[in-house]
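Asker: Protein chains in written order, with this note's numbering: chain A, 1 to 282; chain B, 1 to 288.
Keep in mind that a hint or two might mislead.
Stated by the list, open to error - Counterexamples of contact, computed for chain B against chain A with all Cβ distances above 12 Å:
id, residue
1, M1
2, K28
3, D43
4, P60
5, A67
6, N70
7, C72
8, Y81
9, E89
10, G100
11, A103
12, L107
13, R137
14, T156
15, I178
16, K179
Unchecked claim - Below 20 Å or equal to it, Euclidean Cα-Cα: the simulated DMTMM-like pairs (lysine to aspartate or glutamate) are:
id, chain 1, residue 1, chain 2, residue 2
17, A, K235, A, E224
18, B, K287, B, E277
19, B, K153, A, E253
20, B, K48, B, E77
21, B, K28, B, D129
22, A, K111, A, D161
23, A, K27, A, E253
24, B, K48, A, D89
25, B, K63, B, E116
26, A, K142, B, D27
27, B, K225, A, E274
28, A, K111, B, E77
29, A, K81, A, E54
30, B, K74, A, D106
By construction, these hints were calculated from the structure, which means they are not laboratory data. Glycine included, each C-beta is placed from N, C-alpha and C at the ideal position.
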Amino acid sequence: MREIVVLSGKGGTGKTSIVGSLAALAKGKVMADCDVDAADLHLLLQPTVKQNNEFWSGQLAQIDEAKCTECGLCQELCRFKAIRDYKVDSIACEGCGFCSHICPTDAITMKENMSGHWFVSDTRYGPLVHARLGIAQENSGKLVAQVRQQAKRIAEERGFDCIISDGPPGIGCPVISSLSGASLAIMVTEPTLSGIHDLERVLGVSYHFGVPATVCINKHDLNEENSRRIEDYCKDEGIVVAAKIPFDNAVTEAIVRGIPVVEYADGAVSREIEGLWEVISH
Amino acid sequence: MIISIASGKGGTGKTLVATSLTLALKDKYRVRLLDGDVEEPNDHVFLKPDISGNQPVFIPIPKIDKAMCNHCGKCAEVCAYNAIAVLGEHVLTFPELCHGCGACSYLCSEKAIYEERRQTGVVEWGNADIITFFQGRLTVGEAMAPPVIRQLKKHTDSDGIAIIDSPPGTSCPVVEAIKGSDFCLLVTEPTPFGLNDLVLAVETVRQLGIDCGVVLNRAGVGDNKVEEYCRSENIPILLTIPLDTEIARLYSRGITLVESKPEWKEKFMGLFEKIKETVDARDRSLKR
């Protein structure tokens, strides 16, 4: 089973537009949207949801006012400052349960927390597993792991040998959860100084977890000098630059129409993404 | 006053807005910029501060004193993150899973657990002209951004103006960055992606009880659904920045909008005045 994840470090470099187009190009695969706190892939793939599942993860402290003697021990010991005036701040609570273990009157219990939903959907490009983390919730990494596990299960059931996932921005918990154990990471970058800075950090994460990476430069003609810098950097690091996509408003127009750009326009953008798929599918 | 800059979707222009707003205010107000996108901090690329100091960010992790441990298994039982396992006479710890809550060491009846510090990032500071600058940096390979953001925010200045650049998304790092703000600016773009993620960001700031307004970036491409949404939800669009490849090219070179195009200084000052009116009006109504 090959699992290809698209990451970027910096947000807004074009991950979802590229993943949407790979969905249209690749045969016999399962799609996964691992950006569980701001998922957008569904806006291009127009899924029909077949299964809607609750995601229960982590716990929240709950104080029984009738039992609480306001001794203050929980407030003193909570390192997340999640208890104030004998009330739990559900956003600050990390669910560690320390307070429930030390309360002398057993006034604190831990209740299970529903932190989001995950979905199995049909699209005209094949199955899609996606999710929605609840607002201001934790455990995005665990929800990502669930999305990946379900995508793998479906691929096995249907005899597909490829999973393509749209990853989150950044380098933290949900990125690590999307990346670890994957077969290949496609890093989508842009020729801006911020894009280069962020690319180096996200490549650092892929080295750390031993996942091979390839780079795709989006809007490469926005700054040719920076594009060359990225190419030189990749050459030194032994990383293939698999595509150089030019800036084109067609990418945004395709988003507005809700279709992958390779199905909307047949210019240089589409040719480069087709070339990218050629490189990574062989 | 604390103004945070957030977005839901990444790459909509948070850094552009945070740096230009800071520069527009610097001659008139005492202003500091805190880059809270600790996974991918970029404000330094534009402000080019002289970094003069730093403080490592540690989280406490458990260490087992084998001589004292009686292998009772209490620590493993109370750990909500499965960061300790007791197997026969062996105690295994998994530091990357530990949140540093301290339950295991406190509850160990044999006092066999002590805490050591593990570095997960750094907070750095310095000056860019007259602006005081702070940024957090999560160590590459580390998962948890919130402890770095918490330590960064200790440097918020309550007398002057603090501008906090937030990470994208809607989950715990964003909440950590924006909570406690007087106002949150949400930067978006007029596309279905921008709208989808703006709606999520609005839900997040509302849950935290923070007033918000929108900066519409790359206006002119896409559709008008963001404006329709803002009208129906009564969210003010406080500034509109057009789609302009010249702005994008300057950005690519690490040059801020107000430095390259001085006419934008007035517009960002105007943006601040509108935020200030909202915050002052709220403060007045709270005092009554």
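Asker: Each hint should be assessed against the structure and marked as holding or not.
Answerer: Taking the hints in turn, this is what the structure says about them:
Residue placement check: M1/B keeps its beta carbon more than 12 Å from all beta carbons of chain A (closest about 22 Å). Listed as outside the interface, K28/B is consistent with that label: its C-beta sits roughly 27 Å from the nearest C-beta of chain A, beyond the 12 Å cut-off. A Cβ of chain A approaches the Cβ of D43/B within 12 Å, the least distance being about 9 Å, so the stated non-interface status is violated. Distance check on P60/B: its Cβ comes as close as 8 Å (rounded) to a Cβ of chain A, failing to clear the 12 Å threshold; non-interface status is violated.
Distance to chain A confirms A67/B as a non-interface residue, since its nearest Cβ pair spans about 25 Å, more than 12 Å. For N70/B, the condition that its CB be more than 12 Å from all CB atoms of chain A holds, with the nearest at approximately 18 Å. Every CB of chain A is more than 12 Å from the CB of C72/B (nearest about 14 Å), matching its label as outside the interface. With a least beta-carbon separation of about 7 Å from chain A, Y81/B fails to lie farther than 12 Å from that chain, contradicting its non-interface assignment.
With a cut of 12 Å on Cβ distances, E89/B stays outside the contact zone with chain A, its closest approach being about 24 Å. Distance check for G100/B against chain A: the nearest CB is about 7 Å away, which does not clear 12 Å, and the non-interface claim fails. Against the 12 Å criterion, A103/B falls within the reach of chain A, whose nearest CB is about 4 Å from its own CB. For L107/B, the condition that its CB be more than 12 Å from all CB atoms of chain A is violated, with the nearest at approximately 6 Å.
Distance check for R137/B against chain A: the nearest CB is about 9 Å away, which does not clear 12 Å, and the non-interface claim fails. The beta carbon of T156/B sits about 15 Å from the closest Cβ of chain A, which is more than 12 Å, so the claim that it is off the interface holds. For I178/B, the shortest C-beta to C-beta distance to chain A comes to about 10 Å, within the 12 Å cut-off, and the non-interface label is violated. Not every beta carbon of chain A lies more than 12 Å from that of K179/B, the smallest distance being close to 7 Å; the non-interface claim is violated.
At most 20 Å may separate the alpha-carbon atoms for a hinted pair to count; K235/A and E224/A meet this at roughly 16 Å. Restraint check: the Cα-Cα separation between K287/B and E277/B comes to about 15 Å, which is no more than 20 Å; the hinted pair holds. A C-alpha spacing of about 39 Å is found between K153/B and E253/A, which places the hinted pair above 20 Å, so the restraint is violated. As the CA atoms of K48/B and E77/B are separated by approximately 48 Å, the hinted pair breaks the 20 Å bound.
Between the alpha carbons of K28/B and D129/B the distance comes to roughly 14 Å, so the proposed pair stays at or under 20 Å and holds. The hinted pair formed by K111/A and D161/A fails the criterion: a straight-line CA distance of about 39 Å is larger than 20 Å. Between K27/A and E253/A the alpha-carbon distance is near 25 Å, which puts this suggested pair outside the 20 Å criterion. For the proposed pair K48/B and D89/A, the alpha carbon gap of about 38 Å is over 20 Å, so the pair is violated.
Proximity of K63/B to E116/B is assessed by CA-CA distance (about 7 Å); at most 20 Å being required, the pair is judged to hold. Among the hinted pairs, K142/A with D27/B is inconsistent with the structure: their alpha-carbon atoms are about 46 Å apart, more than 20 Å. Using a Cα cut-off of 20 Å, the hinted pair K225/B and E274/A is violated, with the two alpha carbons roughly 31 Å apart. Note on K111/A and E77/B: the hinted pairing holds, with a Cα-Cα distance of about 17 Å set against a maximum of 20 Å.
The suggested pairing of K81/A with E54/A is violated, with an alpha-carbon distance near 28 Å, which exceeds 20 Å. A C-alpha spacing of about 18 Å is found between K74/B and D106/A, which places the hinted pair at or below 20 Å, so the restraint holds.
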